[in-house]
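Asker: Each chain, letter by letter, is given below.
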Amino acid sequence: MKKVIENLRETAARLLQNKEAEVVIGWGLGSEAVRTQPVFITSPDNVDKLVWNPFCVNGLTKYLSDLKTRPGKIAVVVKGCDSRGIYRLTQDNIIPRDKVVVIGIPCAGQMSYTKLASKMDVSGQLNDVEDKGEDLLIKTSKGDFTVKKSEVLLDKCLTCEHHNPVVADHVVGDTINTCPTPDNYEEIKKFEAMSTEEKARFWLSQFERCIRCYACRNICPGCTCRECIFDAIKPDWVGKEINVSENELFHLTRAFHLAGRCVDCGECDRVCPMDIPIRLLNKKLLKDCKELFNMEPPGSTEEGGSVLGQYRLEDPEEFM
Amino acid sequence: MANKSLKKVQLKSLLDKIAGSGQLIAPIQSDGITLFKPVQSGEGVVLDYQNAVIPPKDFFFPQSEKMFSYDTSDPTWAIKPEEGVPERVLFGARPCDVKSILLLDKVFDAEFRDDIYIDKRNKTTIIAVSCNDCRHTCFCGAFGISPGEAEGADLLFTDLGGRYLVEVLTDKGSTLAAECSDLLSDDDGNGPAAKEKAVAPAKEKQMNIDLEGVKAKLDNMFEHPIWAEESLRCLGCGTCTFICPTCHCFDIVDFNNQSSIGYRYRCADSCQFANFTRAAGGHQPRPSKMERIRQRFMHKLRYFVDRYGDFGCVGCGRCLEKCPVNLDIAQIINKVKEVG
Amino acid sequence: MCSTREVAHPLLPYPATVTKIIDETPDVKTFQVVFDDPAILENFGNKPGQCAMLSILGVGEAMISITSSPTRKGMLEFSIKKIGRLTSVIHELDVGDKLAIRGPYGNHFPFDMMKGKNCLFIAGGIGLAPLRSLIDYVLDNRDDYGRVDIIYGARSYADLCFKYDIFDRWPKVKDTNVYVTIDREEEGWDGHVGFVPSYLEELNPPSEDTIPVTCGPPIMIKFVLQGLDKMGYKDEDIITTLEMNMRCGIGKCGRCNIGEKYICVDGPVFNLAQIKQLPPEF
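Line by line, the protein sequences are chains A, B and C. Per this note's numbering, the very first residue in the first sequence carries number 1; after that it's consecutive. Per this note's numbering, the very first residue in the second sequence carries number 1; after that it's consecutive. Per this note's numbering, the very first residue in the third sequence carries number 1; after that it's consecutive.
So here's chain A without its partners, still in its complex pose:
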């Protein structure tokens, strides 16, 4: 981990020094031991703010969309799952590929803040993290804590298609040779086996909680419409009223907008303050697209786009 951090800082300093990038978006220490926060480094003197540890959960690619009008190139640090967001953005013409410098870090898995907070005092400042194989030794200003990785790993990391970034102009850290563990959609199959009523009961009770903060949309590298339909004042497709029917319309519309485009970074799940399992909706669509079109996780390759947004002459036109 220390070598990766050193490498990361050197790379960032070099990019800024040589004007190969005007800003480096990465992770810095957060206000609690097991949190990091996105940082935006513009001077080689500040690269020491960049960190890499098992708490770098935030996907950073969406910030490219915020900063795309800045002069110069933007460097962004990505893990495997986030890296698919790069191609999402370039395929959607949100930002040209040559405006972005991708710093990739192979990642063995990230730890859940919620799970960690239930196991240790997370309120201190992080001094060091040591990878002890099965365990993590987390040294904080409030004491040292040993946690079992398997108990605090983010759920999404239990299955991981890309430990190594799918795109990187600079790789810091060693390639991870663990076999990818593609999702076999066991959880989705459970839902598919449910009756319509059971599914409705489950989902409506989830949607009922939604407070329409739009964190899921705002973190999503696939949600880059110039004017989101949920913000549109005219016509007001989805009402602002918070009730289960408007909330349902919001979630289902969003899921369908992302069908064949969702890069499955899982950030929507993480950012939801109401713990709505938003990613499950996208997963179902990923599964369907995989079965129907043999689709790889969107964003895995530079070419392509959305399987549902492409037209080929040989496409069957059963619906016509």
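Please note that the accuracy of each hint is not assured.
Computed, partial: chain C to chain B, Cβ under 7 Å [unchecked claim]:
no., residue
1, Gly259
2, Pro279
3, Glu281
Far from chain C, some chain B residues (derived; all Cβ distances over 12 Å) [said to hold, decoys possible]:
no., residue
4, Asp58
5, Thr175
6, Gly236
The calculated DSS-like cross-link candidates involving lysine-lysine, where the alpha carbons are at most 25 Å apart (straight line), are [said to hold, decoys possible]:
no., chain 1, residue 1, chain 2, residue 2
7, C, Lys98, B, Lys80
8, C, Lys276, B, Lys217
9, B, Lys289, B, Lys335
10, C, Lys98, C, Lys81
11, A, Lys142, B, Lys337
12, B, Lys215, B, Lys337
13, C, Lys98, A, Lys234
14, A, Lys119, B, Lys205
15, B, Lys8, B, Lys172
16, A, Lys234, B, Lys289
17, A, Lys119, B, Lys203
Keep in mind that the hints were calculated from the coordinates and are not lab data. Bear in mind the structure is a predicted one, so any value in this text is a computation, not a measurement. By construction, the Cβ of each residue, glycine as well, lies at the ideal position given by its N, Cα and C atoms.
Chain A is fixed; fit chains B and C onto it per the hints.
Answerer: Just chains B and C now, with coordinates in the frame of chain A:
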């Protein structure tokens, strides 16, 4: 009224009794999430929770509420205000959330008294529960709030192990205590001292945030680069504002389903959304995330003080915990103190 | 500069009926309305400069300044520029159609403080609408006030609002001068050409005992304020209005604040000294 005592084993009976004679709102857990909900009995009411994800503010200022219905095919337009709420009891509000209701009073029970809010306030008896423990994100002490005091509540319960100390804070509380007198006994006099001990951990464990000088500093920090810096990582979502017990901004919208019959509702709105201040015609005084996060922190720590004489934050820690990018108001307070 | 009142349901609007519509410009219409319940108007108690929330049920609400003076009894007038969804729908209304109104909101022009003084009204475009309530108030109480100078401009002749007032009614009132300008030369226009701020400097009306009140587009206000400063007016005597997006009108919905001031209750009328105290966020 003198302090009362309630055997812990009788709490459920007390809640059953309240639920039996009116509406009871209490914290319950489902899908692992603690939320205040109307309940039919004391069954399933959680007591050891540290804070509900959504504050009980929602029962005074709901995230969405109908204001009136209308029918434009009627020659008078038949504008009918919504009926008020029934008499009800809110059980389990924590001291920080009780204080937040006092802050909301300053907004809604002021010039142009907001009748919809006041109806709910008047018809609600609040039973607060002291905090024996706290989350690591709690910092109510910074705002002069104590885990064992709840000015604004009608009754205050404190868990003393085998029993609750029941402090009667208002006439409304006294009425409710009298209705439940069969379950309450007089406190033996040891209650207050035991309470101090019971809430000590919550006082000690919480973050120590000192607001000394912060307001004065912010008075001169409108143009400070800190806002641009901190805003870079903001997602512009509404999480912090929607889970906040003191945020009171709202929008007013009509729903009509393409017919003559419809209703006008208000719903919570967020200063973090671009549409919040965008006017028809395009005027936009807060065009970027910088202006919007500045508004949020300035509103809580400076404007609210200037307007209402109190901070617009109670240190409940919800936004610290839920912000997806770790934009932490406690950290901002500390940074404001550090910067030149 | 503050006056508000208690109402039973502060967010509940009252139905009113359009009794007259005047086409002012290609995108501004003036609507004369009466409440369906005459008692509401009797108790309305609006003062010059105050606003009201106008709504079409099912579409939405917007804060609009009341352009008629309270001295003109029996009706309210609103001059509305078509700029968004609601105002477009309002522009489609015919005489006899309904809208809903609640108010009045906000503070008002300092018509008491202005008594005995000369008045200098400076307006651009639709900015004459709020000022008109004060101008008519002053002219209807003519003997309480000194000389009245009105400087008004718009982009073109067609864009001048209240032509019947500026060319006909007001100039006939004693000791009242109306100076009208348009931005660019135009066939058939033999009046002044130029922007309002430069016309003001050109006219350079005497500043002794005079209260200037200005309303208009932000850019015009900016240069008018600079001009007034040069002419030696004190900040406390320069009166203008601020505008922000509003929803509730009663200081609760939280979107029209500039610093700790809510424009809907503490404004829209401010003097320049007060404005200089506000954070620059408008």
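Asker: Determine for every hint whether it applies to the structure shown.
Answerer: Results for each hint:
no. : hint                 : in the structure
1   : Gly259               : holds (6 Å)
2   : Pro279               : holds (4 Å)
3   : Glu281               : holds (5 Å)
4   : Asp58                : holds (16 Å)
5   : Thr175               : holds (27 Å)
6   : Gly236               : holds (16 Å)
7   : Lys98/C to Lys80/B   : holds (17 Å)
8   : Lys276/C to Lys217/B : holds (19 Å)
9   : Lys289/B to Lys335/B : holds (19 Å)
10  : Lys98/C to Lys81/C   : holds (18 Å)
11  : Lys142/A to Lys337/B : holds (23 Å)
12  : Lys215/B to Lys337/B : holds (10 Å)
13  : Lys98/C to Lys234/A  : holds (23 Å)
14  : Lys119/A to Lys205/B : holds (16 Å)
15  : Lys8/B to Lys172/B   : holds (22 Å)
16  : Lys234/A to Lys289/B : holds (23 Å)
17  : Lys119/A to Lys203/B : holds (21 Å)
Hint violations for this structure: none, all hints satisfied.
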